[in-house]
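Participant: One letter stands for each residue in the lines below.
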Amino acid sequence: MAVLEAKKVSKFFGHFPALRDLTFAFKAGDCIALLGRNGAGKTTLLHLMAGLTRPTDGSLEIARRVSLLGHGIGVYDELSARENLQFFANLLPVKVDVEVWLEKVNLREVAGAPLREYSRGMRQRLALARTFMGEPELLLLDEPFTSLDDKATALLQSLLAEALARQATVVLSTHQIPEAMAHASRILFLERGKLRYFGPCPDEMLGDSTWIYRTYGAVS
Amino acid sequence: MLRMSWTIFLKDVRMEFRGKEALNASLAFALVVLILFSFAFDPTSEQIREITGGLLWILFAFSGVLLVNRSFVREQSNDCLDVLLVSKVPASSLLLGKTMANLVFILLVEAVCLPVFSVLYNISMFQLPLWLLGVCLLASWAIAILGTAFAAMTVNLRLRELMLPVMLYPMIIPALAAAMYLTNNIAAGKVPVGDDLIWVRLLVGFNVIFTTLSLGLIDTILVD
Amino acid sequence: MDQRNFTYMFYGFAAAWLILALYVVSLVSRGRKLADQLETLKRTLSQEKG
Amino acid sequence: MFDKILFGVGAASGLYLVRNLYTMLMVLPDEAAQGMIYRIMFFHIPSWWTCFICFFIAGAASGYSIAKKNFRADSLAVAATEVGLAFTFVGLATGMIWAKIIWGIWWTWDARLTWAFITALTYAAYLMMRNMIPDPNERMRVSGALNVFSFASVVICYKAIDWWRTQHPGAVMSFRTGGGNIDPAMEGMTYQNLFAFLMLCLVLVTVRLRQEESLRTLEGMRRLAFTRQRIAVLG
Numbered sequence: 153m154a155v156l157e158a159k160k161v162s163k164f165f166g167h168f169p170a171l172r173d174l175t176f177a178f179k180a181g182d183c184i185a186l187l188g189r190n191g192a193g194k195t196t197l198l199h200l201m202a203g204l205t206r207p208t209d210g211s212l213e214i215a216r217r218v219s220l221l222g223h224g225i226g227v228y229d230e231l232s233a234r235e236n237l238q239f240f241a242n243l244l245p246v247k248v249d250v251e252v253w254l255e256k257v258n259l260r261e262v263a264g265a266p267l268r269e270y271s272r273g274m275r276q277r278l279a280l281a282r283t284f285m286g287e288p289e290l291l292l293l294d295e296p297f298t299s300l301d302d303k304a305t306a307l308l309q310s311l312l313a314e315a316l317a318r319q320a321t322v323v324l325s326t327h328q329i330p331e332a333m334a335h336a337s338r339i340l341f342l343e344r345g346k347l348r349y350f351g352p353c354p355d356e357m358l359g360d361s362t363w364i365y366r367t368y369g370a371v372s
Numbered sequence: 177m178l179r180m181s182w183t184i185f186l187k188d189v190r191m192e193f194r195g196k197e198a199l200n201a202s203l204a205f206a207l208v209v210l211i212l213f214s215f216a217f218d219p220t221s222e223q224i225r226e227i228t229g230g231l232l233w234i235l236f237a238f239s240g241v242l243l244v245n246r247s248f249v250r251e252q253s254n255d256c257l258d259v260l261l262v263s264k265v266p267a268s269s270l271l272l273g274k275t276m277a278n279l280v281f282i283l284l285v286e287a288v289c290l291p292v293f294s295v296l297y298n299i300s301m302f303q304l305p306l307w308l309l310g311v312c313l314l315a316s317w318a319i320a321i322l323g324t325a326f327a328a329m330t331v332n333l334r335l336r337e338l339m340l341p342v343m344l345y346p347m348i349i350p351a352l353a354a355a356m357y358l359t360n361n362i363a364a365g366k367v368p369v370g371d372d373l374i375w376v377r378l379l380v381g382f383n384v385i386f387t388t389l390s391l392g393l394i395d396t397i398l399v400d
Numbered sequence: 314m315d316q317r318n319f320t321y322m323f324y325g326f327a328a329a330w331l332i333l334a335l336y337v338v339s340l341v342s343r344g345r346k347l348a349d350q351l352e353t354l355k356r357t358l359s360q361e362k363g
Numbered sequence: 100m101f102d103k104i105l106f107g108v109g110a111a112s113g114l115y116l117v118r119n120l121y122t123m124l125m126v127l128p129d130e131a132a133q134g135m136i137y138r139i140m141f142f143h144i145p146s147w148w149t150c151f152i153c154f155f156i157a158g159a160a161s162g163y164s165i166a167k168k169n170f171r172a173d174s175l176a177v178a179a180t181e182v183g184l185a186f187t188f189v190g191l192a193t194g195m196i197w198a199k200i201i202w203g204i205w206w207t208w209d210a211r212l213t214w215a216f217i218t219a220l221t222y223a224a225y226l227m228m229r230n231m232i233p234d235p236n237e238r239m240r241v242s243g244a245l246n247v248f249s250f251a252s253v254v255i256c257y258k259a260i261d262w263w264r265t266q267h268p269g270a271v272m273s274f275r276t277g278g279g280n281i282d283p284a285m286e287g288m289t290y291q292n293l294f295a296f297l298m299l300c301l302v303l304v305t306v307r308l309r310q311e312e313s314l315r316t317l318e319g320m321r322r323l324a325f326t327r328q329r330i331a332v333l334g
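Protein chains in written order, with our numbering: chain C, 153 to 372; chain F, 177 to 400; chain H, 314 to 363; chain U, 100 to 334.
The following block holds chain C by itself, in its conformation from the complex (with noise of 0.2 Å):
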């Protein structure tokens, strides 16, 4: 049972296409690492799976709960990390304990304050939480790792494992090899909006960085 299905996805910003023909299924239990230099649709990519953009053409299939991490935290400043999730937990169609979510990411003590004060690290954990609660099929993770502090990291890195337990799909886009093949099962390369390689991470990768950019790439 395929979680999203794009059969001949292709996305066009009024003349210019960003995404062309993509075909692909992910399953559950997937860890699927978007790679691509910038400007190659990851975003784009990524936004669809959201549902957040519909395809030019094509047909693309989501599940129901989907669950995204973007450039931006995703919680208000104004409100304290317990009315943030508890009104991100009202819009979901589960049941979610917040104060199990808010001991999970070590913020039980601070919980009422708002989140303006939090520091950095704080902030970035609470919004993983409101990414991770509510068991959703989908989870959709822009280049998650990138300014991340070494305590979020580590919190990532058990959701991430936790998650994937639970055969949950993930995607992470990224441009950094190493990171990706520490959890990718599966590699989807994109180059100027085309997809030039799904399928299992190649051996080659591990020590090579550019590999992938040389094999599969028609640009160099």
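Treat the hints with care, since some could be wrong.
Unchecked claim - Okay, the calculated beta carbon distance ranges per label pair:
no.	chain 1	residue 1	chain 2	residue 2	range
1	U	Tyr121	F	Val380	38 to 44 Å
2	F	Leu178	U	Arg321	43 to 49 Å
3	U	Lys167	H	Thr353	48 to 54 Å
4	C	Asn258	F	Val295	50 to 56 Å
5	C	Ser299	U	Gln328	46 to 52 Å
6	C	Arg268	U	Asn169	43 to 49 Å
7	U	Ala284	F	Lys366	47 to 53 Å
8	C	Ala177	F	Pro266	22 to 28 Å
9	U	Glu286	F	Val209	49 to 55 Å
10	U	Asn169	F	Leu373	40 to 46 Å
11	C	Ser299	F	Val295	53 to 59 Å
Note that these hints are calculated values from the structure, not bench results.
As the structure is a computational prediction, the values presented were derived from the model and not from experiment.
Quick reminder that beta carbons are idealized off the backbone N, C-alpha and C, glycines included.
Starting from the structure of chain C, add chains F, H and U where the hints point.
Facilitator: Chains F, H and U only, in chain C's frame:
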């Protein structure tokens, strides 16, 4: 769907009352303009009765835009709008929740301004409290629904503070005109009857048409 | 009265023609600018390819 | 070939307008009550009709463009709005000059004048808004929705302002309802000028539509050039 609107309404109200930035700014603005009016004409003369409605509704439309403008900016700072849309919140629920929140803010400003206006200019606005409430509700809803929908349109513009009023005011003229006319009557203690009721009908019709249009088009506006 | 009548009629006709003429002129100049830009860009793109 | 036809129709509409001018000035007699000035109506009335037709087309095209994500319909919407706005200004200018003679003032807050003013503002806001959105998809969605709003508001406004007392001469065909004894030749003249205006309007809209289309091509190519440059720098 309505439950989601309610959740968003509560969140917006809570956020605004936490900082009160927009509310305070627009209240202060409204009060300053109320005082400025006294220089525009003789504040003790009878002629002010004839322009009461006009003054008040221009004031409410201006301070209303200050409030409405913040509505989608709130969602923008940390990309919260994206998160809401990903959580399968229908765009129309989002609009409805935000409109209700804006309606509450506008009504609050009116609740402060109307007594102050009555006292300062010696006009009793509250002879027909139910009529006044009705007109305020209807006309404020008109400002709120169109204002919120247009705030969604302008949220990505660099000049959004400027563009929103430029787009909004020409379109709410019918609603404002009706509200002005009815408010004049109310201030004079006259219950609108007969031909005057056409303005009530205009307000209701305006609201029905533009609420339907806004709820129908908001998905197109927000989702690519 | 009749003299004034005539002058104003003339103004009216002139205004109508002038507005339309101005619009046509702006349309043509914009079109020319657009064609220029398109041409330049096409050349740049084909140079890069070659 | 298409260019030539377009140019031909444009030239024909120009010639037609000149011929109408001749008939108006040389053949038709002065009107009993208004004297010479009534001839402004031959421009005034057709320009309103044309502008309203333009805005109607723009509204319908906008609705279609956002429903079907059709860029061509979006281009039609801008083209029709812009041309409609030009005719609105013709209507306003001629109306004001006529009013100066007949009513003795340039401007009055008469129902239809007010309506015209609001309409002009509404559509000017639409055109301004369009220029501010760089992304073509967003531009189509947002300005398409705005145009639909505009059309609805213009219609409502027309009705609403009608309820205020009006000093405008009757309904749109003003000689017939206002003056009563209208010369059929005068009415015929109005229709002839309307026809000429519509021809001109058709040409202008087509030209503007093609400009908008090539603007979109231009934007697409710019973006392509930009991505290539970026790849060349980074890769």
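Participant: Which of the listed hints are not met by the structure?
Facilitator: 1, 3 and 5
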